[in-house]
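Colleague: Protein chains in written order, with the numbering used here: chain A, 1 to 191; chain B, 1 to 200.
Just so you know, the hints here were simulated from the structure itself, not pulled from any lab data. We put the CB at the ideal spot given by N, CA and C, even for glycine. Be aware that a few hints might be false.
Unchecked claim - Okay, the calculated beta carbon distance ranges per label pair:
#	chain 1	residue 1	chain 2	residue 2	range
1	B	Glu168	A	Gly186	35 to 43 Å
2	A	Met86	B	Phe163	45 to 53 Å
3	B	Pro73	A	Glu126	32 to 40 Å
4	A	Glu126	B	Arg164	33 to 41 Å
5	A	Ser95	B	Ala92	26 to 34 Å
6	B	Asn171	A	Glu126	30 to 38 Å
Unchecked claim - Stretches of chain B that chain A covers, calculated by requiring three or more beta carbons in the stretch to come under 8 Å of a beta carbon on chain A:
#	segment
7	47 to 60
8	66 to 78
Stated by the list, open to error - Computed from the model, here is a short list of chain B residues facing chain A with C-beta under 10 Å:
#	residue
9	Leu32
10	Ala147
11	Ala150
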Amino acid sequence: MEYILILIAAVFVNNIVLSQFLGICPFLGVSNKVSTSIGMSGAVLFVMTIATTVTYLLHEYILVPAGLNYLRTITFILVIAALVQMVEIILKKVSPPLYQALGVFLPLITTNCAVLGVAILALGLENSSLIKAVFFAISNSIGFALALIVFASIREQLELANIPEGMKGVPINLLVAGLLSLAFLGFTALV
Amino acid sequence: MAEKLTQKENFLKGIIKDNPVFVMLLGMCPTLGVTSSAFNGLGMGVATLFVLLMSNIVVSLIKSQIPSKVRIPAFIIIIASFVTIVEMVLEAYIPFLFEQLGIFIPLIVVNCLILGRAEAFASKNDVVSSIVDALGMGIGFTIALTALGAVREILGSGSLFDFRFVSEDANTLILFILPPGAFIALAYLSVLFNKVSKTK
Chain A
1 MEYILILIAA
11 VFVNNIVLSQ
21 FLGICPFLGV
31 SNKVSTSIGM
41 SGAVLFVMTI
51 ATTVTYLLHE
61 YILVPAGLNY
71 LRTITFILVI
81 AALVQMVEII
91 LKKVSPPLYQ
101 ALGVFLPLIT
111 TNCAVLGVAI
121 LALGLENSSL
131 IKAVFFAISN
141 SIGFALALIV
151 FASIREQLEL
161 ANIPEGMKGV
171 PINLLVAGLL
181 SLAFLGFTAL
191 V
Chain B
1 MAEKLTQKEN
11 FLKGIIKDNP
21 VFVMLLGMCP
31 TLGVTSSAFN
41 GLGMGVATLF
51 VLLMSNIVVS
61 LIKSQIPSKV
71 RIPAFIIIIA
81 SFVTIVEMVL
91 EAYIPFLFEQ
101 LGIFIPLIVV
111 NCLILGRAEA
121 FASKNDVVSS
131 IVDALGMGIG
141 FTIALTALGA
151 VREILGSGSL
161 FDFRFVSEDA
171 NTLILFILPP
181 GAFIALAYLS
191 VLFNKVSKTK
């Protein structure tokens with residue numbers, strides 16, 4: 001039951017993009033086509049899950065016992081940057097088709113604040129455990145995927161719409177994101 | 001390109017022509033995430049300005065020592081160190097702001113604005129220009145965040161910098177301090193910014 005709550009909260013109620021504002025850059029940047037947004041979501045799911053697992057273990061078994069809590073930000077970002085590189089190299093060798101699909105998005109992920117954000121948020125869960133942290137990361141990447149893919153489908157339709165001159169480009173996208181976020185606000189009472 | 005700019009132009013480009021938020025769309029996460037009041041926007045802007053300034057100084061000083069292959073990880077370590085300093089200082093001296101900004105303080109590390117300036121400007125220019133560039137960009141970012149925070153605070157809670165001009169129980173547009181309001185307010189602010197900066 002607790003896990004179902006985490007899932008629903010992360011996907012709908014506290015959607016990572018639309019209500020916590022993490023990962024806005026890829027959200028606005030790679031959402032002009034549904035196909036690219038699916039690729040990006042896959043890459044985020046992959047990296048976010050692995051990164052949260054590693055950073056959680058690192059925090060629990062090295063940083064806290066050694067009293068090095070203040071090094072959290074530095075170590076986490078380094079671990080994520082190194083992981084992204086490693087994932088890229090391993091994928092290239094092990095699964096070329098998957099690398100073809102996700103390859104271009106991987107370097108972009110280092111500066112995706114959703115990955116670092118979830119890694120830090122996962123430490124603050126109630127009675128946290130490794131399984132819960134990993135589940136939290138997976139739920140959040142599903143939330144990210146949902147927001148990104150829905151937004152991309154709307155943007156594809158938007159290309160055909162007649163938009164006032166001053167609203168073209170960024171403003172109309174932000175406005176659509178705002179309306180989407182308003183829709184997600186309706187889920188607040190779910191949990 | 002950098003050689004042609006005078007220091008004044010270098011400073012001003014960050015505020016208007018290449019404004020990080022309205023024109024370059026960098027650092028959108030903190031822009032949207034913390035601006036539920038003008039004070040939070042200002043605090044985030046100043047924290048980012050500090051990290052940007054220090055990282056630009058350090059990067060431009062040691063740029064010749066960093067092998068180009070590992071420059072990105074090196075920049076990230078430099079930035080992360082200053083972010084840690086900001087984190088500790090805020091927690092010790094302004095705990096109220098520390099709590100309000102929450103997770104967005106460690107996330108200054110992944111603010112693309114800072115890494116972007118280190119890579120695109122500080123690693124190619126001398127210290128003085130890098131300082132001027134950081135000040136321009138940082139102030140441009142701070143102005144954008146404070147403006148967005150002010151608009152949201154006025155519409156959403158009927159106050160500005162905690163100074164109320166409507167009564168406690170008046171109906172305000174609460175939508176604007178909720179997440180959707182951030183997107184909508186920024187959308188209209190950037191329309192306004194485009195209009196003003198193009199007519200000049």
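Colleague: State for each hint whether it applies.
Modeller: Comparing the hints with the structure gives:
Evaluation of the 35 to 43 Å hint for glutamate 168(B) and glycine 186(A) yields a failure: the beta carbon distance comes to about 28 Å. Range check, methionine 86(A) to phenylalanine 163(B): about 52 Å between beta-carbon atoms, so the 45 to 53 Å window is met. For the hinted restraint 32 to 40 Å between proline 73(B) and glutamate 126(A), the CB-CB distance of approximately 34 Å keeps it satisfied. The beta-carbon spacing between glutamate 126(A) and arginine 164(B), approximately 36 Å, falls within the hinted interval of 33 to 41 Å.
Range check, serine 95(A) to alanine 92(B): Cβ separation about 48 Å, and the 26 to 34 Å hint is violated. Judged by the Cβ atoms, the range 30 to 38 Å given for asparagine 171(B) and glutamate 126(A) holds: they are separated by roughly 35 Å. A count of 0 residues in the segment 47 to 60 of chain B with a Cβ less than 8 Å from any Cβ of chain A is obtained; the coverage claim is therefore unmet, three being the minimum. With 4 residues bearing a CB less than 8 Å from a CB of chain A, the segment 66 to 78 of chain B meets the requirement of three and the coverage assertion stands.
With its C-beta approaching chain A no nearer than about 4 Å, leucine 32(B) sits inside the 10 Å limit, and its interface hint holds. Below 10 Å, beta-carbon pairs count as interface contacts, and alanine 147(B) has none with chain A, the closest being about 15 Å; its hint is therefore violated. With 10 Å as the threshold, the beta carbon of alanine 150(B) stays out of range of chain A, its nearest partner Cβ sitting at about 18 Å, so the hint is violated.
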